[in-house]
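Visitor: Sequence:
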Amino acid sequence: MKVSLLSIVLLGLSLVSFSQTPVLSGTIRDAENKQPLSGATVKMVRGKDSVTVVSDKTGTFEFNNLVDTGRYDLVISFLGYELTKREIVWDNVTKKLDDIAVNREAKTLGGVTVVSTPPLTKQKADTTEISASQLKVNPDANSEDLIKKAPGITVENGVVKVGGEQVRKVTVDGRDFFGDDATATLRNLPAEIVDKIQVFDRMSDQAQFTGVDDGSAAKSINIVTKPSMRNGQFGRFFAGYGTDNHYLAGGNMSYFKKNTRVSIVALTNDVNQQNFAEVDLLGVTSSGGGGGFGGGNFRAQGGGRQGGGGFGGGAGGGNFGGGGGGFLVGQQSGISKTNAIGINFNDKWGKNLDVSGSYFYNNRKTENSEKIAREYFPIGDTTQFYDQDAASESNNYNHRANFRLDWKLDSFNSILITPSVSIQDYNSNSLTKGLMFTDEGDTLSQTLNANRAQRTGVNFNNNILYRHSFRKRGRTFSANFNTGVNNQDGESYTDAYSLYYKGPFIVKDTTRQFNDQVTKGHQLSGSLNYTEPIGKKGAVIEVHYNPSYNFNDSKKKAYSFENATEKYSELDTSLSNVFENTYLTQKGGVSYRKGDRTKQISFGFDIQSATLKSDQQYPYVTNVQRTFTNFLPNLQFNLPLSKKESIRLFYRASTNPPSVNQLQDVINNTNPLLITTGNPDLDQSFAHRIGGRYQFTDTKKSQSLFVNFFGSLTDNYVATATYTATKDSVLTPSVILHKGSQLTKPINMDGQRNFNVFITYAQPLKFIKTNVSLNTGFVANRTPGLINNVEGVTTSYNYNQTQIINISLILLQQSLIS
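Start counting the sequence shown at 13; every next residue gets the next number (this note's numbering).
Simulated from the structure, these hints should not be mistaken for lab results.
Be careful, since some hints might not be right.
Said to hold, decoys possible - Below, simulated SDA-like cross-link-like pairs (lysine to any residue); rule was C-alpha separation at most 20 Å, straight line:
#1 Lys532 to Gln628
#2 Lys173 to Ile702
#3 Lys751 to Thr688
#4 Lys520 to Phe573
#5 Lys173 to Arg214
#6 Lys655 to Gly704
#7 Lys208 to Asp68
#8 Lys751 to Asn768
#9 Lys377 to Asn284
#10 Lys46 to Glu117
#11 Lys173 to Val719
#12 Lys148 to Arg248
#13 Lys181 to Asp138
#14 Lys360 to Val66
#15 Lys134 to Ser145
#16 Lys69 to Pro239
#17 Lys567 to Ile702
Said to hold, decoys possible - Label-pair ranges, simulated between beta-carbon atoms:
#18 Lys377 to Asp740: 38 to 46 Å
#19 Ile276 to Thr522: 51 to 59 Å
#20 Lys548 to Tyr373: 24 to 32 Å
#21 Thr711 to Gln637: 56 to 64 Å
This structure is a prediction, so every number in the text was calculated from the model and none was measured.
Just so you know, even glycine gets a beta-carbon here, dropped at the ideal spot from N, CA and C.
Modelling step: build the complete structure from the supplied sequences, incorporating the hints.
Guide: Right, dumping it as structure tokens:
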């Protein structure tokens, strides 16, 4: 597989031997301050035909597909600027135009110049653009404070959402800023430098090149900075000290000069402030810090093309989520002390090489306490309850580094390389008290558990994308190759003292156990894509092939404490396990797309063959292998209903394999009252996803209405089966499930459903200079489960309503003066 992929890439590289296409280029600048304008729309118009490009972050545009010679109208449009036209004579020879200066829009009345006020929101094709000047914040506000006042954007526990959908990436002037960490970007970027906020669905780099959505689109935000702030230095520093010796200090400093941008951020405090998302390779950050090991946490995905989770996204295609992105979590519960420092770098080396990189380190010490009260379904005439008190301390160290190199070899070929590495070191101590009792007040069992753990994780990911454009417009070839490594190593100690009440008798049980677990994961995946234009109306056919190979190896050794030697030296074979899991997919398909960014329809299908293989080598040998063949259709269309309204709908099918932790048949008795185990007989799940978006934007009245909805139906969903022991049951020679205790394991069940809708309405109240935004959300979940062999369903509904009233600072000043 590796050889064939490499051969095709080398074949693609050899295609550059023919002559280069003539290029017409130029740079667009603000007529007043001479700053380049990024994102301007540039058209070459001839009769009824036109070719459109967009200026890059340096204000530069290029046309490399002008076939006919003769006279063209060069038309430049940009929000807040006058429409600019130039007549160009194209003679099919490479030409660089002089810099083109465009003037800002203005209206002159009796010698007074009135600069037009930009609307709060504006729709540009598939991008919603919000004017930062219409959002009022304090002078020391950061970008997160700013976007929270924008219609449709919310921040929940450090997680940014647009229309109820999580934002996966935030860029600054189209450039990466601290990799995929949206929190670090927004909380460390001053609001005063922001000119516009652009919200859109960002496709993968390969999909952006081919123009065909591969289902990996993720909600993204691009921060457009003010032209005056793109050259210079700015920063913010703060410090505070209060009662009980609490402290807070930090700051950020940025240096911007043309294409070079360097930013440094730092933070230290003991008041739960966290200006970043945290890497959670081990799957432990959101827990209380107790417990035994989680398993693989490899999070390999299958099915609906690569990536996923965004608008139209499938359940992924085997990618790790480069840069640790798939492992980033928001701010967690508990009382935390935080130390963090990071640096971000962007530059352009020469005309054809864009580079960016970042490094981030953080240390978080957390104290957490929780109380749990559960009521279980009745067993016969008896209802059982479980109460738990837990306290934990944890210390988490994270390092992560991202790099991006985009090399334009010539007018036809480019290579994009994006390596990343994340390292996590975690240790914890916890104490848990558990009590199981009946509705009649009879105590069934109680336990006191002390756990301590130390774990490390290393995640490396590298993606190489080769892109080739042919002379014929719309004909492209691209090859993507991804490698990943995810290794985890650690140990844990459990000391549990339990009492089981059996009539007049009390059975005492003591567990002293040491666990040593190593999990290693490797992934290889690729994607070959070819697009061919058909007809004369912008239609494109895409053919693709996507192989993916995931391998996980998990070894767990459990040792019991021997009083004679006072060492953990006795191997407990019933709690030890050596397990391997592989998931191989071969997927190919065809897609058809017609239209442009504003009006488009696309549909296609994939045929996927997947093999899921599980091999247990210890304590006994078992082999389970399953092969699946799936038909995965997809459909998406964007339709403008009017100049103010548009609608977008999608459907996509995808698959998702179980994790190695769910497959591994090994008992976890960290809490003797709540024992868990895996299930090697699990199958992959199959999901249907639908979604849609309605948008109404009236720029003259600054009114906007957004309606987003998403739904999914999953069969073979990995649900939880819970069994409550009605009598003492022997699970293994060393593990007894006592009466009243519970055993849980994953199983496949049909009928998992999810539906959510998010509505935003924004309206300015000009007579009091106020912007009002109303956000309404509704989420419904239906999750199947099995309790004592009886099928059950958990249904949850969540409603939320927020109102944002953004009052002009000028109005407040006038009120105070009067």
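Visitor: Indicate, hint by hint, whether the structure satisfies it.
Guide: Here is how each hint holds up against the structure:
Proximity of Lys532 to Gln628 is assessed by CA-CA distance (about 15 Å); at most 20 Å being required, the pair is judged to hold. For the suggested pair Lys173 and Ile702, the alpha carbons sit about 19 Å apart, so the restraint of at most 20 Å is met. This hinted pair checks out: Lys751 and Thr688 have alpha carbons roughly 16 Å apart, not beyond 20 Å. Under the criterion of a C-alpha separation no larger than 20 Å, the hint pairing Lys520 with Phe573 is consistent with the structure, at around 17 Å.
Distance hint between Lys173 and Arg214 is fulfilled; the C-alpha atoms sit about 14 Å from each other, no more than 20 Å. Our distance criterion of 20 Å between C-alpha atoms is met by Lys655 and Gly704, whose separation comes to about 19 Å. The straight-line distance between the Cα atoms of Lys208 and Asp68 is roughly 16 Å, inside the 20 Å bound, and the hint therefore holds. Among the hinted pairs, Lys751 with Asn768 is inconsistent with the structure: their alpha-carbon atoms are about 41 Å apart, more than 20 Å.
As the CA atoms of Lys377 and Asn284 are separated by approximately 10 Å, the hinted pair is consistent with the 20 Å bound. Restraint check for Lys46 and Glu117: the C-alpha separation of about 16 Å stays at or below 20 Å, so the hint holds. Restraint check: the Cα-Cα separation between Lys173 and Val719 comes to about 14 Å, which is no more than 20 Å; the hinted pair holds. Between Lys148 and Arg248, the direct Cα distance comes to roughly 19 Å. Compliance with the 20 Å bound is thereby established for this hinted pair.
In summary, the hint linking Lys181 to Asp138 is supported, as the alpha carbons are separated by about 17 Å, within the 20 Å threshold. Simply put, Lys360 and Val66 have alpha-carbon atoms about 18 Å apart, close enough for the 20 Å limit, and the pair holds. Between Lys134 and Ser145 the alpha-carbon distance is near 13 Å, which keeps this suggested pair within the 20 Å criterion. For the given pair, Lys69 sits about 11 Å from Pro239 by alpha-carbon distance, which is consistent with the 20 Å threshold.
Taken as a hint, the Lys567 and Ile702 pair is broken in the structure, with Cα atoms around 39 Å apart against an allowance of 20 Å. Separated by about 41 Å at the C-beta atoms, Lys377 and Asp740 satisfy the suggested range of 38 to 46 Å. In this structure the hint that Ile276 and Thr522 lie 51 to 59 Å apart at CB holds, the actual value being about 53 Å. In this structure the supplied range 24 to 32 Å is violated for Lys548 paired with Tyr373, their Cβ-Cβ distance being about 55 Å.
Separated by about 59 Å at the C-beta atoms, Thr711 and Gln637 satisfy the suggested range of 56 to 64 Å.
The structure does not agree with the numbered hints 8, 17 and 20 stated previously, though it agrees with the rest.
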